[in-house]
Amino acid sequence: MNGEILLQTLLSGILIGLVYALVAVGLSVIYGVMEIVNFAHGEFLMLGMYSSFWLFALFALDPLATLPLTLLLLFGLGALVYRFTIKRIVNAPMLSQIFVTFGLMILFRGGAQFFWKPDFRTVENSLVSGNVVINGLYFGIPHIVAALGAVVATGAVWWFINRTRLGAALEATAQDKEAAQLMGIPSHWIFALAWGLGAACAGVAGVLLSTFFPIFPEVGANFCLIAFVVVALGGFGNVTGALWAGIIVGVVEVLGGFWIGPEYKLAIVLTLFLAVILVRPQGLMGRAE
Amino acid sequence: MMCMRKLRSAFAAALLLGPCFFGSAQAQQEIKIGAIYPLTGAAASTGLEMRNALELAADMINNGAKGIDMPLAAGGGLPNLGNAKIRLIFADHQGNPQVGATEAERLIMQEKVVALLGCYFSNVTSTASQMAERYGVPFLNPESSSAKLTQRRFKWFFRTTPHDDLFVHNFYEFLKDIGAKKNLKPKRIALLNENTEWGVETTKIEEKLAGELGYNIVEKIIYPAKSTQLTSEVQRLKASKADLLMQSSYLGDAILSMKTYKEQGFAPSAILANDAGFSDTEFRRTLGKDANYVLSREVWAKDLTTQNPLIKQVNDLYAQKYKTDFNGNSARSFTGLFVLADAINRAGSTAPEAIRKALSETNIPGKHLIMPWEGVKFDATGQNTLGRGIIVQIQNGEFATVWPFDIATKDIIWPMPAWDKR
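Protein chains in written order, with the working numbering: chain A, 830 to 1118; chain C, 100 to 521.
Be aware that a few hints might be false.
[Stated by the list, open to error] List of simulated lysine-lysine pairs, DSS-like, C-alpha gap at most 30 Å: (1) C:Lys476 / C:Lys411; (2) C:Lys131 / A:Lys946; (3) C:Lys211 / C:Lys281; (4) A:Lys946 / C:Lys401; (5) C:Lys284 / C:Lys401; (6) A:Lys946 / C:Lys420; (7) A:Lys946 / C:Lys284.
Rather than coming from a laboratory, the hints here were simulated on the basis of the structure.
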């Protein structure tokens, strides 16, 4: 294996890894604030992709142009999902919580199949298409844009949580719900905010992916498993951790797939994940409890 | 009044039962054939196409079709059975093997069909044909491609379509042919197949045949279906310097792989795809001109109508009635009923054993078929040995038949141009 291929696989891995990170950040925010694992997270991503597709197909609007709209739509959807389902099970046993988010996953997937048929769809000839060749290295422009978009979005979430009053309220609720409530922070509003934020992250990732990935009702499953690994690897509820873990997972998947064999690429990622969990159960950047 | 009605129904019953009492030579006998297809559920639209094709075939046999030179297409039913008419009884298996078996049993026991047709899905064909085997009723399968179906060595099972193993054989016959006639000889073959049963089985046969026929496989990748990225796979393909890629993928992966080839600049001399995702209309629509030059195996193509007047005539008839052209599925169903009707006619009887024997003696030449086959002739396992697939190439966004050469409509474009030279 020569240096060129090494560099190519490494950089390709980083590009897709940044998108994994953004999907995982959404999952992480929800878990970090309320300790609920959202199995329907991949479906938020799927809905983001469809939103991008339909705005493109019906109104000929480019995915990049409709990104803010999809972001708002998914934020609203996330908050609504919290208001009408999750709110009722905040204090329920973990098993009920799992069943509810799992049920949501099936509902969204079935709904997409019912309304939009199980066909595969793609956004054709978007503003971002084609590829660039630099010194014999090939990069798809949609991948570069998606990676940049993911970095900006992840950065924005980090800034929001660490540098704003509302973010501080989110963090406070995450640390101690009762204490935060005594300080006058309405926890139900904060939870709704976390769900909105989480869904919006997945939605934005969906829009970025829609420029090069086929869109179909079950597309979320592909990314959801990886997002879980990234979140656990980076440390639950940790945005910076998710970013690094996303990059690691992307690089390990592409590089390992190339070296050891593509049939094992997911197995390699999961092995690494198990190894890290055994040594550092809280994840790479998580706080030890 | 009451009396009259009773009389009338007794009369009707006598009419219906008449043929049974007076033997098979009676005029206007009806031949009941059970057809089990997915008429509801995810494959309902495909099921409807096949049902239409079967109904057209039955109509041609019963009422004739002007100017179509096909045995039994003169109309008036089956001559050797006193011009008995074909009556199709449809059953819906919903894509469920359990339902398929139950429906097969019902058709045999209650409807007293003389033979069964179906079922499109290999797994449903498998269970439904077990019922036919148990009751000793001939089962003709026009469309299922799992090689295992005829490996069961059933006595009552016959299949007209080529199966998956034969399709892979076709790949190598194609390579031999283009080597001999066009001097195109791929030296380094790479395999990229998905990791479900279909892809894994295909890989095994491809490897085995390459070994036997002296082709050099330089890379073998069984990739996880529905991957989020195919970069490592494509990097491996690039590093292998393969000049021919053989690929089996369903639609989503097929689209993603083509996009990744373009992005990473992977352009072998040819991509030889194993139907499925690559034959989907969506594949061409989505990729536009990037889908050009891909070769794929197929069972039927519309441009065959320009090669064989019979195919055009029958396709026109079908298109006129159902506002769409034949495709690989409907053309095979249509052919299935003709093969079955031909056997029943030669049997001259509706006795199961007579039909089975006639089926096993079937010998229909290719010119009487609307398929690109050399004919229909069954071996001891019930498999048609004269069926073959065709190789089509996407040229200017349309499928063109490029092999076998005797029915090709366009010349093959090989090697395909590099991505930046299109």
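Status of the hints after comparison with the structure:
A threshold of 30 Å between alpha carbons decides the hint, and for C:Lys476 with C:Lys411 the separation of about 24 Å falls inside it, so the pair holds. This hinted pair does not check out: C:Lys131 and A:Lys946 have alpha carbons roughly 36 Å apart, beyond 30 Å. In summary, the hint linking C:Lys211 to C:Lys281 is not supported, as the alpha carbons are separated by about 54 Å, beyond the 30 Å threshold. Between the alpha carbons of A:Lys946 and C:Lys401 the distance comes to roughly 26 Å, so the proposed pair stays at or under 30 Å and holds.
Of the supplied pair hints, the one linking C:Lys284 and C:Lys401 holds, its CA atoms being roughly 28 Å apart against a limit of 30 Å. Taking the CA atoms of A:Lys946 and C:Lys420, the gap is about 27 Å. The hint holds against a cut of 30 Å. For the given pair, A:Lys946 sits about 43 Å from C:Lys284 by alpha-carbon distance, which is inconsistent with the 30 Å threshold.
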